[in-house]
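Enquirer: Mapped onto our numbering, the consecutive letters of the sequence shown carry residue numbers 1 to 422.
It should be emphasised that the hints constitute simulated quantities derived from the structure, not laboratory data. Virtual Cβ for every residue (Gly too), placed ideally from N, Cα, C. Among the clues, some could well be false.
[To be verified] Using C-beta positions, here's what the derived DEER-type ranges look like:
1) K141 <-> L78: 55 to 63 Å
2) R231 <-> D149: 32 to 40 Å
3) L333 <-> V82: 52 to 60 Å
4) K183 <-> M89: 15 to 23 Å
5) E272 <-> L137: 52 to 60 Å
6) T81 <-> Y51: 36 to 44 Å
[As the list claims (entries may be wrong)] Cut-off 27 Å, straight-line C-alpha distance, at most; resulting in silico cross-link-like pairs (DSSO-like, lysine-lysine):
7) K141 <-> K316
8) K59 <-> K90
9) K183 <-> K141
10) K183 <-> K108
11) K316 <-> K90
12) K265 <-> K316
13) K232 <-> K265
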Amino acid sequence: MNQIAPSRLTDALFFFYALFIFGSTFSIALAQMALGVSLALFITVIVVHRYQPFVDSLKRFYVFVALYIIWIFVCSMLGETVGRSLYIMKEDWLFLIVPIGVFLMQNKTYRERLMAIFAVGVLLVSIYGLLQYSLGLNWFKDSALTAADGFGYRVRGNFSHRLTFGNYYATAALMLFGLGVRKVENLRAGRRQLFLAASLLAMAVTLLSFSRGSVIALVVGLLVAGVVLGRKYLISMIGGLAAMALVVALLLPGLVERFTGAMDKELSLEYEGSRPFIWQKSLSIAREHPVFGVGPGNFETEYAARLRPDIPDYRKHVHAHNDLINMVAVYGLPGFLLFAGLWMVLFGYTFGGFRRRRSFAEGDRFFLAASLGAVAFFTTALFEATFADEEVRQLLMFVWAVGLWPWYNEQRKAKRSAAKRS
1 MNQIAPSRLT DALFFFYALF IFGSTFSIAL AQMALGVSLA LFITVIVVHR YQPFVDSLKR
61 FYVFVALYII WIFVCSMLGE TVGRSLYIMK EDWLFLIVPI GVFLMQNKTY RERLMAIFAV
121 GVLLVSIYGL LQYSLGLNWF KDSALTAADG FGYRVRGNFS HRLTFGNYYA TAALMLFGLG
181 VRKVENLRAG RRQLFLAASL LAMAVTLLSF SRGSVIALVV GLLVAGVVLG RKYLISMIGG
241 LAAMALVVAL LLPGLVERFT GAMDKELSLE YEGSRPFIWQ KSLSIAREHP VFGVGPGNFE
301 TEYAARLRPD IPDYRKHVHA HNDLINMVAV YGLPGFLLFA GLWMVLFGYT FGGFRRRRSF
361 AEGDRFFLAA SLGAVAFFTT ALFEATFADE EVRQLLMFVW AVGLWPWYNE QRKAKRSAAK
421 RS
C-alpha cells in the first residue's frame, strides 16, 4: 500500500483513534477503551491492505523499542514477583499508539483533523481548569481539591493528581505551540489560532496546577523553541517568559513560594520528602542490583527497606521521582541505557527532521511540535517518573507519532526513486 486510500475501515480507525486522543485530555478510561478498538481495527488494516508499519526509515526507533521490551521482560522473569512484574508490563502496549498514529497521519485530512480534535480537547479542559481554579469545580470526582495559597484551588482537571495534570498539559502546550508558532501557507484558516489558543490556555492551567516540574518544563521547552527557531524567536521567548514571571509574581504568589520557600529543606539529603533524598535511596537500590534491577513492581519494597521503621506510608514511594534513576533501579544499567538510547533516537528523528525540513513536503511544523512536546515530557521526567504515569505516557506516544510519520513518507520516496533508477 503506497498511500492511504480512505475507506470505511480507515474512517472507523480514524474515529476511534481521534476519540482516544480527545479522551486522553480528561479520561484514561475512555482513552484506553478507544485505543483498544483502534488497535483491533489497525490489525485489520494491516491484513486487508498489507500495510507494513516497520519500514527501514523507522528501523532505529522500533529496534530500540523491541530491545527495551525484551529487556524488561527478562528483568520481570528474574525478579522476586514474576506475576506482578509481568502484569505491570501491560503498560507497554501503549507503544502501539505510535504505529497507528504514523499510519493515519500519512493522510493529510486525517492528520489535520487529529491535530484539531486534540487541540479542541486541550482547549475545553483548560477552560474547565480555569473554572476549577477560581470556582472550585470538581465534576465526577469524590476527593476534594487542594486549596491554593492565597486564592483558588490547585488545578488537576479530571485527573487523580495535579502533578499528572501539570505534566500532561505542559507536554500538550508545547506540542501545540510547535504546531502554531510559525505561519504555514497551506494551513486551514483558523487552525493556527486554535493551536495557539489551546497552547496558551494549557500553559495557564499548567501554572495553576502548582507543579514545579511542569512549570520548569514550560520554561525549558519555550527556550528550546527559541534556540531552534532562531534569534528573533529566542528574544521573543525570553521576553514572553519575563512577562509570564511578572504576572505569576503579581497574581500567583503561592506558586512563587513553591520555588523560593524552604528550598534548603527541599534540597536536603536529610529531609525524607526531598528529591535528593529519594534519588539517593533509589541509587542505592541500583548499586545493589546493577544488571537486572529489582524488576517492575518491587521498587516500593526495596525503597521502604532503606527508610526508618516508623516512617509514614506516604513516604514509601513506588518510583524514584526521576525516570532515568527509576529505570536503572528497576531494570538495571542495561535497561537505563536502552531507555536513554530510545530517547536519543527519537530526538534524532524529530530535531534531525526539523533541520532537514526542506527534504520533507509538510513535516517541518510536526517535527517542531514533536520535538517541543518531547522536551517538555523529558523535563518533567527529571522530577517525576512520568514514563510510569499512563495518562501522560499515552500522550507521549502520540507526540512521538507526530514526529515520526514524515519519515515513513521518506521511505516511500526512496522506493519511488529506486524504481525510477531501475
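Enquirer: Hints first: check each against the structure and report whether it holds.
Expert: Hint check results:
1. K141 <-> L78: 55 to 63 Å: violated (39 Å)
2. R231 <-> D149: 32 to 40 Å: This hint holds: roughly 38 Å between Cβ atoms.
3. L333 <-> V82: 52 to 60 Å: At 21 Å between Cβs, range violated.
4. K183 <-> M89: 15 to 23 Å: Once the Cβ atoms are compared, 44 Å apart, the range 15 to 23 Å for M89 and K183 is violated.
5. E272 <-> L137: 52 to 60 Å: violated (34 Å)
6. T81 <-> Y51: 36 to 44 Å: holds (38 Å)
7. K141 <-> K316: holds (25 Å)
8. K59 <-> K90: This hinted pair holds, its Cα atoms lying about 23 Å apart.
9. K183 <-> K141: At roughly 40 Å apart (the allowed maximum being 27 Å), K141 and K183 break the hint.
10. K183 <-> K108: holds (18 Å)
11. K316 <-> K90: holds (24 Å)
12. K265 <-> K316: Satisfied, since the Cα-Cα distance of roughly 19 Å is no more than 27 Å.
13. K232 <-> K265: violated (39 Å)
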